[in-house]
Amino acid sequence: MRPAGLVFVCFAMVSGAGPLCAAGPVLQSEANWVVLAGLPSLLDKAEVRKQLDSGLTATLAFEVRTTGASPQKLRGGARVDVRYELWDEVYLVTRLDASGKRERLRFDSFAQFGHWWREARLPVLPLPRGAGPWQAEVRLRVIPFSQAEQRETQRWLSDSMAGTTGGSAGAVSQALDDQPVSFSQVLQLLVATSIGRPALYEQEWNLAFQVGGKK
Amino acid sequence: MTFEARPSVVRRVLLGGLLLLMALAVRAQEEPARFLLERITVEGTRPAAGRIVAAETLLREGETYSEAEIGQAVARVHRLPFVLDADFSLRKGSTRGAFELLVQVEEARRFFFEHTVGFYTLAEPLNLDNSIGDDNEWSVTLPGVAGFRQFIGRSGMVFAALDSKEGVQVGFTRYDLFGRGIVASVGYSGLLPDFCCTSEVLPYGLDPNFVFWDWRDSARRLSFEAGMPLNATDALRLDGSRRSGESSGRQEVLGRFRANGSFFDLAADVDVTLDRAELKWVRDTSDDPLVPSRGFTVSGGVEWASFEAGPLHRFRVEDGEVIEQALPAQRSEQIAAVVSAARHWSVTPRQTVSGLGRLSFGQVKLHDLPTAAGTSLNADLDVFGGSLALQHTARLKQSRRERGFSDTYLESRIELGVEAASPEVQPSRAPNPLERLELSTALVFRSAWGRLRIMFSYLDVGEVLP
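Protein chains in written order, with the working numbering: chain W, 1 to 215; chain L, 1001 to 1466.
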C-alpha cells in the first residue's frame, strides 16, 4: 500500500508545450474559465477506495492558487463529493466547481464513476485578464467523512493546550534556558502524540498555463 | 358553459406537470440522506473505552440520522483525548434501508517519550553546563522524558513522567471543561532525593546580571495551564508556574570565564522562589497545529514574573584569601506586554518557510539586586525584548498506517534576539543590551509514541551585533 499523505510535484506545461508529467492533471483555458482536466488516477488506491465505499460522503477537494511570476494572485478550486449508496449499490456524486455550477450525478458502478473522473473538466479559476504565462499550485486532498471535522478538532486541542512557545519575555534568557521537559513541553508532547495524523491522501502539482496570445 | 381544451393548452399542462414532477424529483434528490441506524458497533478499543465512544456519539440505535448529525458525532469522538483516530462507516443492516454504524477507533498510546540529542557549538563558553570547561567551545545535551498516561472517563487524563531535568512530573488534564471545549492542566514536578540539581535562567529583566540558579533536590514546581477556545481560530490561554526550593547557588552565564572575582551563595536553609504567569489571546489560522505550512499565528498578552531569594553571601578572593560578605535578600518583579507573530509560506509541497517575531515591553522593580561590585541595586527599569527568526521546514517523510503514523522533517532556523534595560544598568559583566544569535538545524522524527530530535546549533550570546 502506498503511504498516504505522500505529496509529490509534477511540473506540466499546457497550451502547446504538452505535459511533462503524463499522469498528472493539466490546466487549460476554456471559454471564461481555467479548467482542470486529466484528473489523477487515485480512486483505485485501497485506502481511498475504502473511504469512497464507506457509505458516508467522502470529498475530493482541489485548491488552486496562482503562484510564481503570475500577473495576479487568484484562488479557486472545485470539489467532488462521493457517497456510495449501500442498498442501491450506486455512487451518488455531487460536483461543485468555481463557476458555481452544482451537478448531481449517479453512477451504477465504480467503473462508470472512474470513467467520469478521468474525463471530467472542472472550472477552477475565472479566466484571468492578463495575457501571458501563468503558474498555479494545485492541491488535491481526499477528505474522508471521518476526517472532515478532524482538523478543527486538532486546532482546538492545540490552541487550548500548547501551540506557540510560551514562557516569559526573554528573547535571550528564555531561549538559552534549556528546558525541553518543562510542564508546557510535556503537554505539547502529549498533543504531538495524540493528533497530527496526516491527511488520508494529498497530492500537489505546480502547473503552468497560457492565457491569450499563444494557445 | 363548456370548456374546450385546445391541443396547445393540453401540451402546456402536460409540460407543466412534467416540470413539476422533475422539480419534485430534484427536490427529493436534494433532500439530505438519512440513515436508520439499526446498530452501532465500536471496534479497536477496550470495552470500557468502547462504551464511552458509543455514548459520546449521542446516537441511538433504532433512530434515524442525517449525515450532518453523524458528522457531529465524529467531531465529538475525535475530541475524546484517548482517541488517536476514528473512522466511521456504514454497513448494510438486516432489512433494506437499515444500517449498522461501524466506528473503528485507534487509541492513543499510553507510553510516550521525547529525547533530544543536541550538539552546540559556542562562540564562547557559556556557564550553563558544568561539563563545559573554560576552553570548551562546544557542548552536548541529552535531555529526555519518558512517561505514562492514563485516561479517566471521557475527558480526563493523568500522567506521570520521569525526565532528565525536572525529576518526576505528575499532572492531570481535564478536557472540555464545562462543555465549552476548555482544557485545563495542573502539574507538579520534583527532583528525586539526592538528584542534584535543576537550574533555570532568570528572565533578563528580573536580574540584568544574566544569571541562572541551581535548585537542590528539594526543588519543586507547581504549574497550571488553561485554554479556552473562543471560535474556530481564536483562543484565550492562561498559564503559570511556581518553582521553589532550597538553592545551591547562583551563577552568571557570562561571568565565569570573563574574570576572576566573586560568586554568590545563599544562606543555609533559605528558599528561592520563581513565579511566572501569562494571559494571552491567540489567533491561529495555520493549516496544521504541529507542522504548519500556511497561515499565521498571532498572539498578544501580559506576562508577569517574580523572583525572591533569601539573604545572600558574596565570596571573593583577594591575595589568596576568601572574603565573605553578607548581602540582603534579593527580590524583583516584572510585568510586560508581549506580542508575537508567525507566518508560514509553502514554497514547495514539502517545504515551508516561516517568519517569526516577538516583542515585549515591560517594567521591572529590582530590590537589592547584587552587583559584581558587591553592592545592592534598587531600581525601577523599563525592559525591552525582541526576537526575529526565519525557519525552513522540509518534510522528508510522512506515512499513515493502519496502526499509527510517523513523520520526519528537517528544521533549520536562524534567530536573533535582544534584551535591554533602561535606564542603562550594567550590574555585572553581562552587556546591556544582551544579544543572541543562533543558527540551528534539527532532524525530527515523530510518531504516536513520541519524538526524537537530533539538533546541531551554533550559539553566540553577549555582544553579537556590530
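Incorrect hints may have been included.
If you want the footprint, here are the derived chain W segments under chain L, 3+ residues with CB under 8 angstroms [as the list claims (entries may be wrong)]:
1) 31-39
2) 132-146
Straight-line Cα separation of at most 30 angstroms, DSS-like style, residue types lysine-lysine; simulated pairs [claimed, not checked]:
3) K45/W with K1092/L
4) K50/W with K1365/L
5) K1397/L with K50/W
6) K1397/L with K1280/L
7) K45/W with K101/W
8) K50/W with K73/W
9) K45/W with K1397/L
10) K101/W with K50/W
11) K1165/L with K1280/L
Just so you know, these hints were derived from the structure itself, not from any lab. Nothing here was measured: the structure is a model prediction, and the numbers come from that model. Glycine included, every Cβ here is placed at the ideal spot set by N, Cα and C.
Evaluated hints:
Counting residues of the stretch 31-39 of chain W whose C-beta sits closer than 8 angstroms to any C-beta of chain L gives 0, which falls short of three, so the coverage hint is violated. Counting residues of the stretch 132-146 of chain W whose C-beta sits closer than 8 angstroms to any C-beta of chain L gives 5, which meets the bar of three, so the coverage hint holds. For a cut-off of 30 angstroms, the pair hint linking K45/W to K1092/L stands: about 23 angstroms separates their Cα positions. With a CA separation close to 64 angstroms, the supplied pair K50/W and K1365/L exceeds the 30 angstroms bound.
Between K1397/L and K50/W the alpha-carbon distance is near 23 angstroms, which keeps this suggested pair within the 30 angstroms criterion. Straight-line distance between C-alpha atoms of K1397/L and K1280/L comes to about 34 angstroms, which puts the hinted pair past the 30 angstroms bound. Proposed proximity of K45/W and K101/W is supported: the alpha carbons are some 28 angstroms apart, at most 30 angstroms. With a C-alpha separation of about 36 angstroms, the suggested pairing of K50/W with K73/W is violated against the 30 angstroms cut-off.
Between the alpha carbons of K45/W and K1397/L the distance comes to roughly 19 angstroms, so the proposed pair stays at or under 30 angstroms and holds. The straight-line distance between the Cα atoms of K101/W and K50/W is roughly 28 angstroms, inside the 30 angstroms bound, and the hint therefore holds. For a cut-off of 30 angstroms, the pair hint linking K1165/L to K1280/L stands: about 27 angstroms separates their Cα positions.
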